[in-house]
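Protein chains in written order, with this note's numbering: chain B, 7 to 549; chain U, -7 to 316; chain D, 129 to 253; chain W, 6 to 277.
Check before you lean on any hint, since a few could be wrong.
[What the hints assert, rightly or not] In the DMTMM-like style, the derived pairs of lysine to aspartate or glutamate whose C-alpha atoms are separated by at most 25 angstroms in a straight line are:
1. K52(U) with E543(B)
2. K180(W) with E89(W)
3. K184(U) with E468(B)
4. K43(U) with E543(B)
[Stated by the list, open to error] Covered stretches of chain B, going by a simulated chain D footprint (3 or more residues, C-beta under 8 angstroms):
5. 198 to 212
6. 321 to 334
[Claimed, not checked] Beyond 10 angstroms from chain B on every Cβ pair, some chain U residues (computed):
7. I72
8. V95
9. R122
Hints are computed from structural coordinates only; laboratory data are not their basis. Glycine included, each C-beta is placed from N, C-alpha and C at the ideal position.
Take a look at the letters that make up each chain.
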Amino acid sequence: MTAINYPESAPVVEENYLNVSYDVKSWLLTLDHKRIGVLYMITVTLFFFLGGFAAIMLRLELATPKADLMQTEMYNRMFTMHGVLMVFFFLIPAIPSVLGNFLIPIMVGAKDMAFPRINLLSWYLYMTGGTIVLVSIIFGGLDTGWTFYTPYSSQFAIGNVILALVGIFINGFGSIFTGLNIIVTVHKMRAPGLTWGRLPLFVWANYATSLIMVLGTPVVAITLGLVVVERLWGVGIFDYRLGGDPILFQHLFWFYSHPAVYIMVLPAMGVISELIACFSRRRIFGYEFVAISSLAIAFVGFLVWGHHMFVSGQSIYGAMIFSFLSFFVAIPSAVKVFNWTATLYKGSIVWSTPMMYALGFIGLFTVGGLTGLFCASLGTNIHIHDTYFIIAHFHYIMVGGTIMGYLGGIHFWWPKITGRLYNETAGKVSAVIVFLGFNLTFFPQFILGYVGMPRRYHFYPEEFQLLNVMSSAGATILGFGYLMPLVYLIWSLRHGKIAGPNPWQATGLEWETSSPPPPENFLEKPVVNHEAYNYHEQEPTPN
Amino acid sequence: MDKGFRFIPEQASEAASQVDALTLFLTLLTAFFTILIAALIIYFSWKYRRKSEVRPAETKTNYTLEIAWTVIPLIISMVIFVWGAKVFVHMKRVPEGAMEIYVVGRQWMWKVQHPEGRREINEIHVPRGRPVVLTITSEDVIHSVGIPAFRFKMDAVPGKYTQQWFTATKTGEYHLFCDQYCGTQHAGMVGKVIVMEPGEYEAWLNGVKADDTPLGSGKALFDAYGCAVCHSAQAPSMSGLYGRKERVADGGTGKIEDVQVNDEYLRRSILDPNDQLAVAPDGKPYARGIMPSFRGRLTEEQLISIIAYIKSLKNTPAQREVVP
Amino acid sequence: MSETTNKPHADTRHAATPEGTRAGHEHHIVPVRTYLLVFSVLMVLLIATIVAAKVDIGGAVGGLIVAFTIATIKAVFVILYFMHVKYSSRLTWVFAGAAFFWLGILFVMTLADYLSRPHVAPWAY
Amino acid sequence: MTQSTASIPDPHAGPLHDDHAHAGDAAQGGHGHSHPAHVAHHFDDAEQQKDAATLGMWCFLATEVLFFGGLFLGYAIYRQRYPEAFLIGSHHLKLTHGTVNTFILLFSSLTVALSVHAAATGNRKGIVRYLIGTLILGFAFLGVKASEYYGEYQEKLIPKLLFELPDPAHSEHMKELLEHNPRVKAAYDDPVRRKGLEQQLQLFFVFYFCMTGLHASHMIIGIGVMSWLTWRAHKGHFSAEYHTPIEISGLYWHFVDIVWIFLFPMTYLLRH
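In isolation and in its complexed conformation, chain B is listed as follows (with noise of 0.2 angstroms):
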């Protein structure tokens, strides 16, 4: 292999895609996917703490047994407004829309997404869909939960149902574009020589949740547009009064949206395998085995969603089947989670920022996926269903496990996109206060939920006080472990430390441009002939 000498400075380049215009018609047309990935940066953000204000206002009612802080028809309009935003409007499009967008074209190689107008139009359908979906919170909310089931959603439910369910159906078509986006970039963009056996995992996660994305998401827009139907139409589609069948929306629905949990932590997953690499200054550990487990998770996480059905009267053959398949999900991600800790063995080891992140979310995954098996077993699952417990388990997924890939990969390309370092110290706080935050919050709810509490209450017996008010009081603390980055990352834009191409010494083609990258990325086309991660022929760096 030839030697390879990673410049200290890359060549200054005066021009960069922030600052070749400044006006707003710039950034609101723009066909450039950094700025894209910078504009769903900003509103992925917005919804953020949209549904974060949500949820520290169910906290802060669940804190006491009776009802007192709100009304009940509020508390239910919270959640479901928690959940909707969160899930449609943060999780799905955080890292693909965000740092997908941004960095898969640089780091194939291209100089943007395949389709830029259709990247563009994605943003414009998730804003609104997000918007729609915004309005009719403010004129009422809906209270059916985020997972609208029938007939309470097509036929009971009062509120903007319908309003609400149309934005997620627009916004669901951005997401497919995304993916489809995504696909089409990882085909047909890639640089001369990068194989697929040289991209980066990143790219090999963000692929497999496009899959996903392209193949699950109509069916929920299809269902979702029959649930109007039915309550614009009054016919009987999910409505057992007129010959309809609840269960099928149920089918319907998980189709989607149990893919769409991997959805939102495949792409995470892609982000800790960067930063594990990087930071341990090694190839991954089991290169092939971690990319091909991304495509498995993604494919096989569609054969399972009846294990969210196991007591809903589903035949006792079809829940076998689906518990069975369940637990073939539990192999490829025990897998990536043994590659990433045996990437640390023999390593030269950092904890910077982002690594403190990625190492959080390896434990805190560890603890969510392992706590799926429970869910995943039929004798467990029928005591666990709709309690705390399940409550607890998919956020140790999404909060534990997106959210701290999301900030980690945040930290990691934050000079990147914006071409200043944050303070390191800051970092380092705020990621120690989400992971404790975050474990005082959701742990209880274990337990909470296994002594039976069930989802969605608003008030509850006392003897669940005790767990309740360790959770809020985590909550407490991991609000204000999130509104800490949002402070020094703001902060660094102006006085931040320049960051240069590469302050981390990573690989990766997105390191080898300058920072912010040039409104084409590259200055010239780069052609890769090494694999990903070639970290062992770097030359020993100082602390």
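Got chain B; can you put chains U, D and W on it based on the hints?
Chains U, D and W in isolation, oriented as in the chain B frame:
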């Protein structure tokens, strides 16, 4: 009900210990792997912390390891699958001669009917030591019968019957929850499962123990039937109602008139709630069919007690109002 | 936009490509004769399916199998020839196949529940 | 920088090297090629642009398959559950209209295929001629569909809004079905089950209108796209080298045809 803090709910059914055994196994497994991974992460990141003179080792694919940590989790998860499926099948296969109790969910109460015809609301009395199968359905949206102490849960799906069985092993009172979100008062759709000795259960089936005073038993009935769940948010409040003039709409013609709230009115409203519908503050009558008829479910004595209790309710400002 | 290249010179360049090879990125032009042939096959199949629907072939199940077999053949002809999949890269085959494979997952797994459920529908009658 | 190093033999250039036409020309790199006007700036060449567009369209069609798939699944489950009512439903659809429409759509697929052929051979007049043919056929399809909907409105088969269970005294189809199918007759003769039939038949028509309506909306979008292409072809925007829009819009049109190829037997032809 034990109000203390606990890690697992009481084991009050025959299935509970089976579920808990599997849970214990899974918990130990989770703890083992979590601690293993955490320990490795901490150890590695201390042992291999960055030192400027050390070059990290080149990564080589180790197929033995990869295969090992693919196959071992596979074996473990198949063990869990078989174990879980066994427990599940046991919970689903209703034994011969199980006593059948019907449970009907509706927004927001449980209506229960015993084989001998006795009905109750938000309470399920069951004998200890005898298999009981609950046949469950719903009148409106999907609910879910959840009894944590029995590790029991089954959805109440409108338009179809679902079944699951249990054998209670310990006398006492246990929580009955609605576990599937069903609308505004979902959290209020709770009740009790009361496990009695078989002899007591027989006696209970045959009669009701009256409380000492009409007022006391009236309050007890008002609570037990969950009246307050609706009559605080979705339906007119009972506070200060007695003796007032109330605006009502005729259930058939919709004609609106004012009536004096007296014993007779209250009695009619409990027995045939849909004949006259109270008018909400926004000028529209409350919806038909929300409140079930209590005809045949309350004895005359019980009716008198409830009316006595409603009479006693003075106007208190603590009542919540309906959200427009 | 270029407005000069409207002469059918491309025809001669590609006409020699043997039919049925997966030409990859080499562009392939299907002769008009093939299209007409495929269209006549589709017409025959259309008549066949109408005729089959008029007569009772093995009741509901038989009728279903016949109707869907014919429909599938029609769809395959459209996909292979009109949509040029026959002459396309392996990647196109994979994506065209994946769509139907995933549709299969949706159907098979859902029906696995429905068809193994003893269905008493009290609301039905 | 790695870009500057010479190309070394690629150990992974084996089977993984499937679809990427450019990985081989590593030595070339840079911006050495000419950029024709129709190639967007972020593509290397026309070939890559065309490949990307085609793959993008196939991805979109995969999405569409599952979009319709959800509806088809619902229809299949209710058809299996309520065979009598759905049989009545199928018999009340207008087979002649359906057959004519199938013919129209298959024919339009041929004209689209021929327009792509004309484009590939640089025959501008041919493109315009065949696309106009396609448009005429598309409108014909929608016309037939509309007249069918109108017929269903007249027969009071619009669920919820205007619906009556067909009466054998007025409906030939119903009379015939009751004579020949004892299961339908048994269901119809029982007053309680007849009430059920009425609801289930509405369910049939809900799905019928949703599926054909969604299909028709795809037709309308297709007609819009084809009109735009006709105009562009007329302006001479396409050539033998560049006609990707016609090709990928053709893929879409064929897909809409395929949906109908399945919709037709599902709804009209299951008559036993």
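These are the hints, each one checked on the structure:
no. : hint                 : verdict
1   : K52(U) with E543(B)  : 14 angstroms, holds
2   : K180(W) with E89(W)  : 14 angstroms, holds
3   : K184(U) with E468(B) : 15 angstroms, holds
4   : K43(U) with E543(B)  : 16 angstroms, holds
5   : 198 to 212           : violated (count 0)
6   : 321 to 334           : holds (count 6)
7   : I72                  : 5 angstroms, violated
8   : V95                  : 14 angstroms, holds
9   : R122                 : 21 angstroms, holds
Going through the hint list in order, the structure does not satisfy hints 5, 7.
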